[in-house]
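Q: As a plain string of letters, each chain reads:
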Amino acid sequence: MLEKMIFGRYVPGDSFVHRLDPRSKLLFVFLFIVAVFLANNTATYALLLAFTLLVIFIARIRLYFLFNGLKPILFLIIFTLLMHFIFTKEGALLIDWKFIKIYEEGVRQGIYISIRFLVLVLMTTILTLTTSPISITDGMETLLNPLKRIKLPVHELALMMSISLRFIPTLMDETDKILKAQLARGSDLTSGTIKERIRAVVPLLVPLFVSAFKRAEDLAIAMEVRGYRGGEGRTRYRQLDWQWRDTLIIIIFIILVAALIWLRGGR
Amino acid sequence: MDITLQQVGYSYAKGTPFEKRALYEANASIRSGSYTAIIGHTGSGKSTLLLHLNGLLKPTEGAVRIGDVSITAATKAKELKQIRRNVGIVFQFPEHQLFEETVEKDIMFGPLNFGIPEEEARQRAHELIRLLGLPEDIAQKSPFDLSGGQMRRVAIAGVLAFKPSVLILDEPTAGLDPRGRKEIMELFNKLHKEEGLTTILVTHSMEDAARYADQILVMHEGRSVMSGTPEEVFGDAEQLKSFRLGLPRSVAFQRDVEKLFGKPLGKLTLTEEQLASAIAAALKEGEQ
Amino acid sequence: MKEILSLDHVSFSYEAEDGGTRRAVDDVSFTVNDGEWIAIVGHNGSGKSTLAKLMIGLLFPEEGKVKVFLEELNVDNLWEIRSDIGIVFQNPDNQFVGSTVQDDVAFALENNGIPFEEMVPRVHESLAQVNMEGFLDHEPHHLSGGQKQRVAIAGALAMRPKLLILDEATSMLDPQGRDEVIQVVDELKQTTGLTVISITHDLEEVLLADKVVVMNSGKMMLTGKPEEIFAHGDELESIGLDLPFAARLSRSLRQAGIAIQGEHMTEEELVNELWTSHFSK
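Residue numbers (this note's numbering), protein chains in the order written: chain U, 488 to 754; chain Y, 5 to 292; chain G, 24 to 304.
Simulated from the structure, these hints should not be mistaken for laboratory data. Please note: incorrect hints may appear among the correct ones.
What the hints assert, rightly or not - In silico DSSO-like pairs for lysine-lysine, Cα to Cα no more than 30 Å straight-line:
| id | chain 1 | residue 1 | chain 2 | residue 2 |
| --- | --- | --- | --- | --- |
| 1 | U | Lys664 | Y | Lys80 |
| 2 | Y | Lys80 | U | Lys682 |
| 3 | Y | Lys271 | U | Lys667 |
| 4 | Y | Lys197 | U | Lys667 |
| 5 | Y | Lys80 | Y | Lys18 |
As the list claims (entries may be wrong) - Here's a subset of chain Y near chain U, in silico, CB distances under 7 Å, partners left out:
| id | residue |
| --- | --- |
| 6 | Leu60 |
| 7 | Phe95 |
| 8 | Phe247 |
Each residue gets a CB set at the ideal place from its N, CA and C atoms; glycine is no exception.
In isolation and in its complexed conformation, chain U is listed as follows (with noise of 0.2 Å):
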């Protein structure tokens, strides 16, 4: 299950979508999210539907894939859509057969808000999909940048963020194997009362912090002697590249805004 999952996952891939710099991909897909708030009638949503499903086409990646990778999402956008059927009473009555009234009004506010939540949560899902981690903290931090004039930490946040994105893996192998170490000392994580799976997580929990604190204090002192003394007077060994395609996808993004002004409903 959590192996097919794909939000928050990076497929390396070569496409004009991942090529794109790290803060023109931010840019816009921020941008976006406040965009999609403008459609109001079936052109605009319409619209944004076409576009999502462009960007996917241009960036290569399989619908298959994306899909199947989505379901957990897709099940709570039916769930959503199926509330609206239910709860919405407005506009014509389309069904009414024995309990269920579904009227016109409840449809069409349930596909709206659907779109919606799926254009954003695609939009977001291509980010990630072609974007590695640590190209879109590069990109977050040199965006915040102007942030530092009013004290942010914004070096220090990045550098937390990218750290933690590293040890990720090397933890979830930690926890596998104090997981495995401990289940051959009898202990017993799926069986019992809630209680009691409660407490069989302490004998995980507990080395796997010790061992994480441990790890944080190694690597404090090898990033001392390294002579890691905060943001001032660093230089940057990952260099981001503006290039003409990240103006064209601002400019996309201007034309897609005027064009959903212009095809937006008065209501």
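Since chain U is already given, all that's left is putting chains Y and G on it; use the hints.
A: Using the frame of chain U, we list chains Y and G on its own:
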């Protein structure tokens, strides 16, 4: 307790695009009471194999027989617990599994899980503290205040505490200094003999395999490729080399000396003591 | 010969839990000269890792002086001196800061404000020196322990250090990883004349050294060339250290009444000795 592996295959994340094959048709037979060393290059599948020996992994193909229980892909989790009571594993860096407030409690964790009465478990913990050469007053200390070597011993005690009849050792001396290494290996050897354990040692050290084991299993690229007595396995340097494994130093030296003497020294010398007396005997014979 | 590092009657104590103190390093003095390879050996808890911390200014001595590159180490010159020292620690995972191999190698360069144009060639160069140039974009969890330690060495080399300290850098590795690391350091020493201090209990590492310092309960017990050190076989064993195979075998042979001339550190030397003393006659 006899252990038999029949055509054991294992794939990680089977049925997903991330599937990775770790074992192919591995076969082995480990006699009750024997001391078996499993050797192989890093990534040879020996760690995966080891996890099958007490049901931490279930084979995706084939069967593992432990005593009179058989583990296959279909075996239920409940049945595995009984197997784990009989088969103890000392993992690499076992001190990472310590978690209790006191040493005594940590050693008692296994026995209590397996339903051994509390008093008996406590008594066993104290016996083990003595047996492992730890100071008596350590029982009420936090395991996290001990030295590295002491933590290792407490963790080992935690496995011995439920009296498994099969003891699996995964690189039990990794990271220890020479004295610590020797003491731990000698301790396991003593336990093996005195308690009549079936011992399985997974190791990178050809010297330890030659010195302690009476049976050796060689793993290579997920397959069991060689097995036999130390004399048989280390007698075939060519084949071992094809599995990227070397000879124990004493055997390698024996070969050099034999080249020099122009004649064999007799039996394979598995330890340096055997080697020294074989050379001495050959030289004295030559002088007469 | 140019002095790289010296300890002059250095002592250091840790605060013990009961409020007292525990002497970890007790009146230790030695000098490391340019181009030398020094091995510091001792069992776990003998004070050898405290020595490493004193050399790099993670700790400061209670008594005595630590001089690096002829300057006494203090809070003011610490960062400058550190930029000329590379150090590799025991746990391969816990010192890998970057998210990929090249990021990790560049870490110290970034910290020291080296311009981007200079970083790129330095990263490539130092990875080539440890035979890891094909792994630029690999993530740490896809590397073996030996590979991670070689990346750590590359990270140190990128700063073009005058001194490389290996603090039990091979003790968590499998035999193959250990050989890879030792071979790389040996090559570096041969080709660049790098000064190396290795803190270890691996005998192969000790045998490669020009000079050995044996530590026991915080004190310097012996110092000398490897063959001089290993002549004190019983003393070394009594403090929990091991002897090279050839030295142990020589001793067993002597005990069995076979005359062996001199001390032999490698199997090759011992076979030659057996040949000259017992066969060529």
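Q: Hint by hint, note whether the structure agrees.
A: Taking the hints in turn, this is what the structure says about them:
A threshold of 30 Å between alpha carbons decides the hint, and for U/Lys664 with Y/Lys80 the separation of about 21 Å falls inside it, so the pair holds. Only pairs whose Cα atoms come within 30 Å are accepted, and Y/Lys80 paired with U/Lys682 is accepted, the gap being roughly 23 Å. For a cut-off of 30 Å, the pair hint linking Y/Lys271 to U/Lys667 is broken: about 41 Å separates their Cα positions. Simply put, Y/Lys197 and U/Lys667 have alpha-carbon atoms about 27 Å apart, close enough for the 30 Å limit, and the pair holds.
With a C-alpha separation of about 18 Å, the suggested pair Y/Lys80 and Y/Lys18 falls inside the 30 Å cut-off, and the hint holds. Hint on Y/Leu60 holds. Least Cβ distance to chain U is approximately 5 Å, under the 7 Å limit. Given the 7 Å rule on beta carbons, the hint for Y/Phe95 holds: about 5 Å separates it from the nearest Cβ of chain U. At its closest, the beta carbon of Y/Phe247 sits 26 Å from a beta carbon of chain U; the interface hint therefore is violated under the 7 Å criterion.
When the structure is compared with the earlier hints, violations turn up for hints 3, 8 and for no others.
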